[in-house]
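Engineer: Below, each chain spelled out in residue letters.
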Amino acid sequence: MVLELHKPRPVWQIMFSTHHTDVGLLYLITSLGFLFLGGALALAIRAELFFPGSQIIADSMTFNRMFTVHGTTLIFLFILPSASAVGNYFVPIMVRYKDMAYPKLNAIAFWMIPPGGALIWLGFADFTWYATPPYSVISAPGPAADMWIFGLKILGVSSILGAINFVVTILKCKHPDMSIGQVPLLAWSFLSSSLIILVALPTFAAALLMLLTDRMGVSGFFNPVMGGDPIAYAHLFWFTFHPEVYVLVIPAIGMMYEIIPRFSRRPIFSHSSGVAAFVILAIVGFSSWAHHMYATGMSFTEKTVFMVGTLAAVPASAMHVFNFLATMWGGRIRFSTPMMWAVGGIALFFSAGAGGVVNSAMPLDFVTHDSYWVVGHFHLFVMGTIAFGTIGYVYYMFPYVTGRMYHEALGKVHFVLAMVGTVMVFFTQHVLGLFGMPRRIYDYPPIPEWVAMNQIATIGAMLIGISMAIWLGNMIYSSGRGREANMEDPFGLGGKYYYPHQQKNPVH
Amino acid sequence: MRYMLGVVALMVVVATVNLSYAATEEPGEYLDRRTEIWNLFFRMMVVAFTIGAVVSGTLIWLIWRFRESHPKAKPTKYEGVDW
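Chains as they are written, first to last, in the numbering used here: chain Z, 1 to 508; chain F, 1 to 83.
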């Protein structure tokens, strides 16, 4: 498993390897690269909004391009690939198989990400990560919009290939002695999210093709001038992307299921309830997509059905939280960096979930719709839960990947700054939304409350930026010069690990 | 006895039909629906905030009580074994 410490290999050998740990490493480095690129755009957006009026970004079109690429990058090029990195590293080890089921397909799925990312970044489209029709159909400038569509198409195929690989690896390649019930919860999280991808993503794939042919003028699915309906796109998009929220969050919860028992020095309180909650989330994720569209003239009955469908996710999410708390209860918890991120992630997961209950209740949804409340809500999920779980896990797997330890004190500084920054940015944005500030705007009137809250949010964003710079420095320095890790027990927890250091370094 | 059963069956059928009619009847004007749903919303929020306070409080207490450096902390039975 340890890659470079004792037997360094040339870079090309890793790049063209099909071994799951090598592909996992490639996923990890690529996703972190895109995290820093997308994060830099976020800092520019927040700097622009520090004061009313034009600050550092030339015009509103450039601003639109920046938040479009920011959102697209962090969802498709950071969160999904970083989950794939963890899955590639750990799922075959957890199910006790020599590799992923289809190693070459695995490498192909990874190598579709750089061209997909390049199309998105070189095009720099301006129609939001939702590709808002009819603007995206009628007047979004090409070739940026078309490059975005092709980029997303490639990334979608990559996700489907990866999902097929995870499902087959877990269901068909697990050790014969291991029942499906014994598969660790992290692997279960990948099984659940992969099944969601396989069901949900083809709809968006179809919508992208329809969008492309609409833009070419040969069809009018979403073009009102040709009798089409932009709301149809909304249904197709959210049918994929509400379940996709669970695709993003379920692996992060799976990562917390690895960290919390380890650092609490107790096994997970209830493995079966964790499995049940993953499966329930995967199913009810499909009953809530239209809650994004309450304001589109749906009937009261339809809205009620989707409100109830959305709330159906609450019990399953609560099962995870209670499982974490019950695991910590009676433990002897070591608050090393990964554990701090995981616990912070639980707290913010709960806060984000509470905001979701408010969003799903249609009366308040009309107040918060398209306001900064929504921005605060989903960022609390993607940053507060998903990124926190993922970053914690990157710290956790660091010694297994590099054979060295990261700098613990810097890891904790990273966590504290990011936690404070996250609360400052995204809690404030909830309130800003209640004060009426719409999302996706380049400039705003100098209302004192709006100015003050935007400034708090920008300072919080800068804190997150500083913390991420510390992290980057820590990772780079420690991977080359960090102290050598005790691979039997890198975090000094006094336990024995059934994985992952037992995996041998591949020679392909 | 057979008649009795018939009556009981009829009662059940009538009650069910009644209930079905009541359920399908419109609850009132649009404004009333809004009132209903706002009431539901406020009740939900009371429940959500209460549970939120309990869970957050429990999490904070767990972090304080079961930390490694707590005076009463003792090794768990799983330390040093395969699990």
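FYI, nobody ran anything at the bench for these hints, they're computed from the structure. The structure presented is a predicted model; accordingly, all values stated were derived computationally and were not measured. Check before you lean on any hint, since a few could be wrong.
Here are the in silico distance ranges between beta carbons for each label pair [unchecked claim]:
#: 1; chain 1: Z; residue 1: Leu171; chain 2: F; residue 2: Pro75; range: 30 to 40 Å
#: 2; chain 1: F; residue 1: Arg43; chain 2: Z; residue 2: Pro448; range: 28 to 38 Å
#: 3; chain 1: Z; residue 1: Val367; chain 2: F; residue 2: Trp61; range: 28 to 38 Å
#: 4; chain 1: Z; residue 1: Ala452; chain 2: F; residue 2: Ala73; range: 40 to 50 Å
#: 5; chain 1: F; residue 1: Arg43; chain 2: Z; residue 2: Met178; range: 50 to 60 Å
#: 6; chain 1: F; residue 1: Lys77; chain 2: Z; residue 2: Val199; range: 12 to 22 Å
The beta carbon of each residue, even a glycine, is placed where N, CA and C say it ideally should be.
Engineer: Assuming the hint says 28 to 38 Å, is it satisfied by the Cβ distance from Val367(Z) to Trp61(F) or not?
Structural biologist: 34 Å, holds
Engineer: When you take the CB atoms of Leu171(Z) and Pro75(F), is the distance between them in 30 to 40 Å?
Structural biologist: 38 Å, holds
Engineer: Using the beta carbons of Arg43(F) and Met178(Z), state whether their distance is inside 50 to 60 Å or not.
Structural biologist: Taking Cβ atoms as reference, Arg43(F) and Met178(Z) lie about 46 Å apart, which means the hint is violated.
Engineer: Confirm or reject the claim that Lys77(F) and Val199(Z) have a C-beta distance inside 12 to 22 Å.
Structural biologist: 42 Å, violated
Engineer: Given a hinted range of 28 to 38 Å, is it respected by the beta-carbon distance of Arg43(F) and Pro448(Z)?
Structural biologist: Given range 28 to 38 Å: holds, Cβ gap about 35 Å.
Engineer: Is the gap between the beta carbons of Ala452(Z) and Ala73(F) within 40 to 50 Å?
Structural biologist: 43 Å, holds
Checked against the numbered hints listed earlier, the structure breaks hints 5 and 6; every other hint is satisfied.
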